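Q: One-letter residues, chain by chain:
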Amino acid sequence: MSAVSPRTRLTVVPSHRIAVGRGLSILAALGIVAITLAAMGRSPIELAGLVVRSTVGSRFGIEDLALFMTPLMLTGAAVWVGIRVNLWNIGAEGQLYAGATAATAVGLFTHWPAIVALPAMVVAGALAGAAWIFIPAAARAWLGVSEIVTSLLLNFVASLLVYYLATGPWADRVTGALASTERLHVALPELWGAVHLGFLLALGIVVGLGVGLAKSRFGYETAVCGSNPQAAHYAGIKVAPRILAVLLLSGALAGLAGVFEVAGTVHRLQGGLANNYGYLGIVVALLARGSCFALIPAALLMALILDTGIVLQTTQISSSAVLAITGLLVLAIAAGDEMAAYVRVNRN
Amino acid sequence: MADVTHASNAPPAHLAAGTPPILELVNIAKYFPGVIANENVSLNVFPGEIHALLGENGAGKSTLMNVVTGLYQPDAGEIIIDGYGTTFPAPDAAIAAGIGMVHQHFRLVPRFTVAENLHLGWSETPRRLSGKDIEERASALSKKFGLPITPSAVVSSLSAGEQQRVEILRVLSRGARLLILDEPTAVLSPVEVGELFSALRRFRSEGGAVVIISHKLDEIMALADRVSVLRQGRLVGTHQTCDVTPDSLVTEMIGRPVTLATSYPRQSPAPAGGEAEPLSLKQVTVRDAAGVVRLDDVSLALRPGEVLGIAGVTGNGQPELAEVLTGLKAAESGTVYLNGKAANRADPAMFAHAGVGHVPEDRLKRALMPGLSVAENMALREYDRPPIGGRFSFSMAQARKFAQMLADRAGVKLPGTQVQIRGLSGGNQQRLVLEREIRIASHVLVASYPSRGLDIGAISAMRDMLARARDAGVAVVLMSEDLDEIFALSDRIAVLYAGRLMGVMDRADADRESIGALMSGRNLSEAA
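Each protein sequence line maps, in turn, to chains Z and W.
All you need for this note's numbering is the position in the first sequence, starting with 1, plus 94.
All you need for this note's numbering is the position in the second sequence, starting with 1, plus 29.
Bound conformation, chain Z alone (with noise of 0.2 Å):
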């Protein structure tokens, strides 16, 4: 009867169609970014050789790549498993300060073996993370405050910690560096080239989370209260302990992504060491949509963007691309997630 066939939209949107709207969506944005280049007087076509070359298309390239994605990985999962129900911890990066700083302090000041040391920074960042967000949780908890703001603005107070710990106390006198701590005494194992056994912990800890809410009674209790607060007090389930337990699980993530930072990567508590990776964990989680497993290829696609902005560097590209591409993509992914979700209505 009109001319335009009918459509409607889907509440539960099958992967497939997500898979297939990702996949025309980053199509999209990079179309875009390649007559942006054209138009620079680049060549594109001789830029995307180079990004492939020295990404996916080399050794050092794919070491690159799993060396970013351990952290955001962390992070992206810190940052999931407060959406999941309704909380946001804006505060990724600065609990991965606090899980850097105390693996840092276990790493400098101690002088065990590494099978004892490696596990105790690995404890210690972890309840650091925690520690770090235990502030703002509790007063979301129990006062209603909104974590949002409070999660965020300690993320200031970390970052300038560490330059204080890099630059004051814990400097290094032996080279001079600036704003940096000595070379730990311990590193996690290296596995292949640079990449770390930090990857392959970062990678279990994402598949355990998943498997784990899905299949706990706490997964579920905590989906009740993120749904419906109201809902769960019917039910008996105490909703503000919850709120606690899943926001110090979030800065433990967190903190965990700082240690094997400091363990693994960058051997040393630095100024500026996050990277970021806090604040790139919320498009992480973001693009994971429901899915913990699906911070796994989020993680991947971030550490692509990241690689290819270094890249693009190298050829007097600004390194505010990284940023322009990063948003492009975030844009035309969730455009395409919305545009999954319609179908045509067969009529008979």
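Because the hints were derived from the structure by calculation, they are not lab data.
Don't take every hint at face value.
[To be verified] Interface residues of chain W toward chain Z, partial, derived using beta-carbon atoms under 8 Å:
| hint | residue |
| --- | --- |
| 1 | A319 |
| 2 | V321 |
| 3 | L357 |
| 4 | A381 |
| 5 | P389 |
| 6 | K394 |
| 7 | A396 |
| 8 | P399 |
| 9 | L401 |
| 10 | L409 |
| 11 | D413 |
| 12 | F421 |
| 13 | F423 |
| 14 | M425 |
[Claimed, not checked] DSBU-like cross-link-like pairs, simulated, lysine-lysine; straight-line CA separation at most 35 Å:
| hint | chain 1 | residue 1 | chain 2 | residue 2 |
| --- | --- | --- | --- | --- |
| 15 | W | K311 | W | K394 |
| 16 | W | K370 | W | K311 |
| 17 | Z | K332 | W | K394 |
| 18 | Z | K309 | W | K394 |
| 19 | W | K173 | W | K394 |
| 20 | W | K394 | W | K172 |
| 21 | W | K173 | W | K161 |
| 22 | Z | K309 | W | K311 |
| 23 | W | K430 | Z | K332 |
| 24 | Z | K309 | Z | K332 |
| 25 | W | K370 | W | K394 |
| 26 | W | K311 | Z | K332 |
| 27 | Z | K332 | W | K370 |
| 28 | W | K442 | Z | K332 |
| 29 | W | K394 | W | K430 |
| 30 | W | K394 | W | K245 |
| 31 | Z | K309 | W | K172 |
| 32 | W | K245 | W | K173 |
| 33 | W | K430 | W | K442 |
| 34 | W | K245 | W | K172 |
| 35 | W | K394 | W | K442 |
| 36 | W | K161 | W | K370 |
| 37 | W | K245 | W | K370 |
| 38 | W | K172 | W | K161 |
Just so you know, these numbers come straight off a predicted model, no measurement behind them.
Yeah, the Cβ is synthetic: ideal placement off N, Cα and C, and Gly gets one too.
With chain Z's structure known, arrange chain W on it following the hints.
A: Just chain W now, kept in the frame of chain Z:
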């Protein structure tokens, strides 16, 4: 067939033949995945008419009205306003065309005052505006449309009926010529229903058109000029109200005749007296957050295998009574005895584990997680025990199986157990909640307004379920605004007025006059 169609499309008898309709729907269709919500629906509404829309739960009434108000786009068909074909890309276009809707679930900002809510989205908001200005304007509107309100009251402190008046006033103040009401009387006390109807009649006499969705046939017969019936998304017929009877409408809605029983005889003899009371209240007093006494010195004992009907005008302490009986709220003074033991902390988990089921008044807000799947919602009461879960574990596969089983028993056709429960119709949500709660209610079942939003077939099934629970030895508490329902099911009837228990009497000794007197706050001695 031709002249039948012609007759049903004619304006109501009191309007002149040839009056142009304000709204005409032509072959409207709306599809959702796997579901035909509406198909081939043609309907017209005239100025100066009250037009009732009837149908079972899920028959497509709300969807059709969402199409008319621009919330949904029709997948086929035409909307004609005042003779001109039109489309509503968004609700504001429908509002601009003079169509206003009052939804079943109110769309007010609870923390704002009545005046602030009335002026949300006001197109002529002046640059400078004080709270006093909008309160004055709100009072003026209230007078103009004859709907009494308190402009400075905060919406969350109002009763459902008062909130509804605010909604209606807001819609009318935007110049609505066609007012659509989705089950407006479901949440109202009888007095409020009377006030609503006189306001609607006044609106009609001034040339306004009303479309009213309702399950209450008596009200439709009393109020509407014409009636349209939907079944499974299609229009079955449009009639002048004077040409139909409630029975013929029910037959048309459901496809077969249904009558509600006026009594539910026991299948087994009533348990002898002297059995332990599963739940009782001793001089319980409850205040709300504002410090107002909501339950005043109430003493009450439930008996196993008996239905205790709670009669009373809405807003006289029923929600608080339900909350105290199910452990959601602690008594401020007095004692709650659960299986003979004092239970004075608010501990809903303990009550649930002791076999107290609860169908709350507002199921979507209290008893369901709208954004989660049907499976997760149905697991809410039994997630902590096998087969769904244990001390630490939870099995989604088992939860889905469980949800499917409940849906089959409740007679609800699901598009799948993984769909969000908010996608189901209100009636289906209610059936699922009832089925879920009856399962855990081994000793006590508190049902607050369980027939709200249900069609007559579902009400009949719900009442059978309550009677079966009673026969199985459960102490059932039934709160209802429908005295027929209370008389049909109850063994004893208690009356609440202003938070006080006016009296508890056996069904055999109760009659409408005495209950009605107690409901209005008069003691029996005064009434006699």
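Q: Find the hints from earlier in the document that the structure breaks and name them by number, from lowest to highest.
A: 1, 2, 22, 31, 36 and 37
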